[in-house]
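Chains A and B are the protein sequences, given in the same order. Following the numbering used here, the numbering of the first sequence begins with 1 at its first residue and continues without gaps. Following the numbering used here, the numbering of the second sequence begins with 1 at its first residue and continues without gaps.
No wet-lab data here; the hints were simulated from the structure. It is possible that some hints are incorrect.
Unchecked claim - Taking beta-carbon pairs under 8 Å as the criterion, some of the chain B residues facing chain A (in silico):
no., residue
1, Ser14
2, Met16
3, Arg36
4, Gly38
5, Ser40
6, Leu41
7, Pro42
8, Asp67
9, Trp78
10, Ala86
11, Gly139
12, Arg275
13, Leu278
14, Ala310
15, Gly312
Unchecked claim - Here are the computed distance ranges between Cβ atoms for each label pair:
no., chain 1, residue 1, chain 2, residue 2, range
16, A, Ala49, B, Ser120, 22 to 32 Å
17, A, Ala49, B, Ala26, 56 to 66 Å
18, B, Arg305, A, Arg33, 55 to 65 Å
19, A, Ser157, B, Arg8, 52 to 62 Å
20, B, Pro281, A, Arg524, 43 to 53 Å
21, A, Ala49, B, Arg217, 31 to 41 Å
22, A, Ala64, B, His326, 50 to 60 Å
23, B, Glu260, A, Gly256, 50 to 60 Å
Quick reminder that beta carbons are idealized off the backbone N, C-alpha and C, glycines included.
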Amino acid sequence: MSATRVSTTSVRAEMALLLDVGSAWAKAGVIGRVRGRWRLVAHAAQPTAWGSTALRRALVDQLAASADPRLADHLDDLIADANRIECHTARRPARLAIVAVSREMSGSAARRGAEAAGWHVVEAVTLDDGRTLADRLGTLQSAEVDAWLIAGGFDGSRSPRALEAAALVAAARRSGGGPVVWAGSSALADEVIGLFEPGAASAVANPRPDARHEEPAALRARLAELLRDAVIPEDETHLSSVSFPRAVGALASATGLRILGVDLGARAATRVLAEPDGTVASRVHARGGLAGTVLAPGAAARVARLAGDAGDEAAVADLLQTLRAWPSTLPQTPEELSATQAAARVQLAGILEESVAGPLDLVIGAGRTIGAAPHPAQAARMLLDGVRPIGVTQLAVDAAAVLGPLGSLPDDEIREGLSLLGDDLLVPLGTAVVCRGGEAGRVAMRVTVHRSGWPSQAPIEVRAGQLQVVPLPRGQEAEITIEPLGGATLGGPRRSPRIQANVTGGAVGLMLDARGVPIALPKRGDDRREMLAGWRDTLMREAAQGSERVA
Amino acid sequence: MSVVHRVRLPAGASPMVEVGNHVEPADVLATRRAPRGGVSLPVALPLRRSAAEAARCLVARPGEHLDAGAILAEDDRWRQVRVPEACILLGYDLDDGSAMIAPLSGSEPVLGHVRGEVVSLEPDAIELRVTGALVTGVGGSGDAVHGELRVAVHEPGAELPASAIDVGATGRIIVGGSRASAETLTRARAMGVAGIVLGGVLDKELRDFEATQLRRREIGGVRGDFAVILLEGFGKVGFDPGLFAWFRVHEGRMASLFGEAARLYVYDAGPPPLRRVLPLPGDRVIAHRRPHAGQGGELVRVLDRLHAFASGVVGRAALVRFEDGHTAIVPLANLEATEPLTGD
């Protein structure tokens, strides 16, 4: 990584500014050389609307307390002149109209594909939506969109309904009114493309080739390409939705770990699956951020149910609207924080609805709600409940929001940047062991923890529905033996009755989670609240060394 | 002061105004011919061909706009199928050899719902300069409406009661307070109120109201337009006292309200109290989140160090003396500076 060298009369300072400018919050970190090592020496976050001067002032205030006194008068200039490594969210959402034959089949597949590619669906019309033809055409004629997506008909069929969907777009769209993507029956592709002026329409592989299969990859890739070409003509490497996956990919490649990264922003969310060979698959969910929670059907009831202590559904509904209307505000009361974090868990579960196949080595949480959670246990809970990583998985957070900026560096510098920051890069929360299945009330897994230099301990029995935490501080390692019981499984093929794994500690410790996938909650409100409070307390409670916490 | 308002034109609309024209809220800016329901038009039968052969005789493409009498299909023997009225071709049925067309209605008006001067004409929009003030909200519901402003509560934090909606409110835009129940909203609509301006409303009550209106519209029981705008937040959230005082000053002025877009234009009005992020000591502020949502006060000082709030969240904080007399430490991110009340 390059760094700016600034001369003063008596001392020199080497520093760089890592900047992540989100739609609601701007996060900045200053890295500088401390005794020969690059360290994160200051970090600040503030509403983006406050502007760069306030952000620089906050960084200067932090540095003034620890920097060489001879630099005190020059800190502002040093930061202003420092090498800026910056990423930001897209200036405005890309708007898409979808016209499909059926809401449940082609329409839902098209919508999922579009949202997973980062598009904001502003109009969705299907031929079975109950509206009159005049209403549909009127809606589409008034739509203000950047692109159009048409879907319908299984491959090989010549569905007249699919052609009718295409004709609706041809009738409603002005000539030159944005690109059109046909994601329907391959047999109709030429005919549909012919409805529009030359070059306006293109076809991709049908995301719903038949009634049983959904193959959205080609549609997602085409829409992501369209997003870059047609709507965001800026340097894409500085977009957070691109730079965050690049950084996670470089980290996976450098560590040989299979990593899932989730960046939960104010408006959008990004999920990244990076393989040890550096292969990266990422998706941007346009409505996946906290502000999008209110748009999900039944979200208020779900958040109220999951939070347990955030008030009734009506109060939570108001909070979710507040998150949309004032995304850069902070939760001041415990109830507001609880609801906000429950909303984060709901959104994480939503963007991971299409689950990740195979075990994960590391889950990284990013975004202000997760990365800046007041207590590491709260971040761990959002990741555990939202992702449900089955198996043995390390959890960590990008607390200083450095992954996005580092991912905006040229390819050959990302890895160098990651290694330079070392321990300052991520905050490890610990390791989670998550199983699914098991009989209610019975032991779901028996775990033995061996720590070098520690006396042997009795195995820990975790019952189905229980969450236990074993203290294992940051930097400590342990070897565990897991014995799944009563039909419980850790996801992988069962070759042995016992599974050995090496685990590392963190701010929370070793989390033994037999709550199932998805988590089953009691129907009775009082029972549910008691159970949720028990899990919360288990994760939050300061653990005495050598004793486990049980809920 | 003036602001530019953009009226989006649906595809196929024809402008009826020119740059420099002055328009009123009810004036027609453009006309369009909206499609009616689809009808089937035989093609194969008049051509005396099979459905598949007739398909090859089509001279129009699906999606194409056709004038009355335009040729839809013709064969090599000069037999023709013409459309009886202006329409859009939507498709062709290979099973029965008929075309699906959507006849276009007579000319329908596109209203601007604002008073102003036309400053630009584009294929997809007309821009108007509006002489007046623009107040933007955080949410809303309903269509574009216009009417005189009438303040119906005495305090910025008071709820708008159903009893405040009387015959004198008909056709007006009512400035309420911190909340209006679904019952109040329903009564307002029934009484012919054009729109309601609120500090806040419970999201659930607004959704309940919208659901009942949708249902009534489906069964044909609702006529006329109605809109709601929320200026401060969701829940029981009072007005910023400064903004409330501004509305009182402008009571009786004509206004245009765009519910879905959360925009309110008040004509011939001075600027509303300005808002500014990152308030400073001495500023009058408004809080945006519970437990102080909608409360106004004075920022006494910004704390030197980061503060841990009851939630555990750590951030920059300010000591605020609220107008009810109590003081509290509030996240600076939850505050906006507002201009002082008139006469302060």
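Here is how each hint holds up against the structure:
1. Ser14: Status violated, d = 13 Å.
2. Met16: 17 Å, violated
3. Arg36: Given a least distance of 5 Å, the restraint on B/Arg36 holds.
4. Gly38: 5 Å, holds
5. Ser40: Given a least distance of 12 Å, the restraint on B/Ser40 is violated.
6. Leu41: Hint violated; B/Leu41 Cβ to chain A Cβ min 14 Å, cut 8 Å.
7. Pro42: 16 Å, violated
8. Asp67: 15 Å, violated
9. Trp78: 26 Å, violated
10. Ala86: 13 Å, violated
11. Gly139: Check passed: Cβ of B/Gly139 comes within 6 Å of chain A, closer than 8 Å.
12. Arg275: 11 Å, violated
13. Leu278: Holds, about 5 Å.
14. Ala310: With Cβ-Cβ at 6 Å, under 8 Å, it holds.
15. Gly312: Status holds, d = 3 Å.
16. A/Ala49 to B/Ser120: 22 to 32 Å: 29 Å, holds
17. A/Ala49 to B/Ala26: 56 to 66 Å: 38 Å, violated
18. B/Arg305 to A/Arg33: 55 to 65 Å: Because 27 Å falls outside the window, the suggested range is violated.
19. A/Ser157 to B/Arg8: 52 to 62 Å: 36 Å, violated
20. B/Pro281 to A/Arg524: 43 to 53 Å: 50 Å, holds
21. A/Ala49 to B/Arg217: 31 to 41 Å: About 38 Å separates the Cβ atoms of A/Ala49 and B/Arg217, which means 31 to 41 Å holds.
22. A/Ala64 to B/His326: 50 to 60 Å: Roughly 34 Å apart at Cβ, these two residues miss the hinted range, so it is violated.
23. B/Glu260 to A/Gly256: 50 to 60 Å: 51 Å, holds
Checked against the numbered hints above, the structure breaks hints 1, 2, 5, 6, 7, 8, 9, 10, 12, 17, 18, 19, 22 and satisfies the rest.
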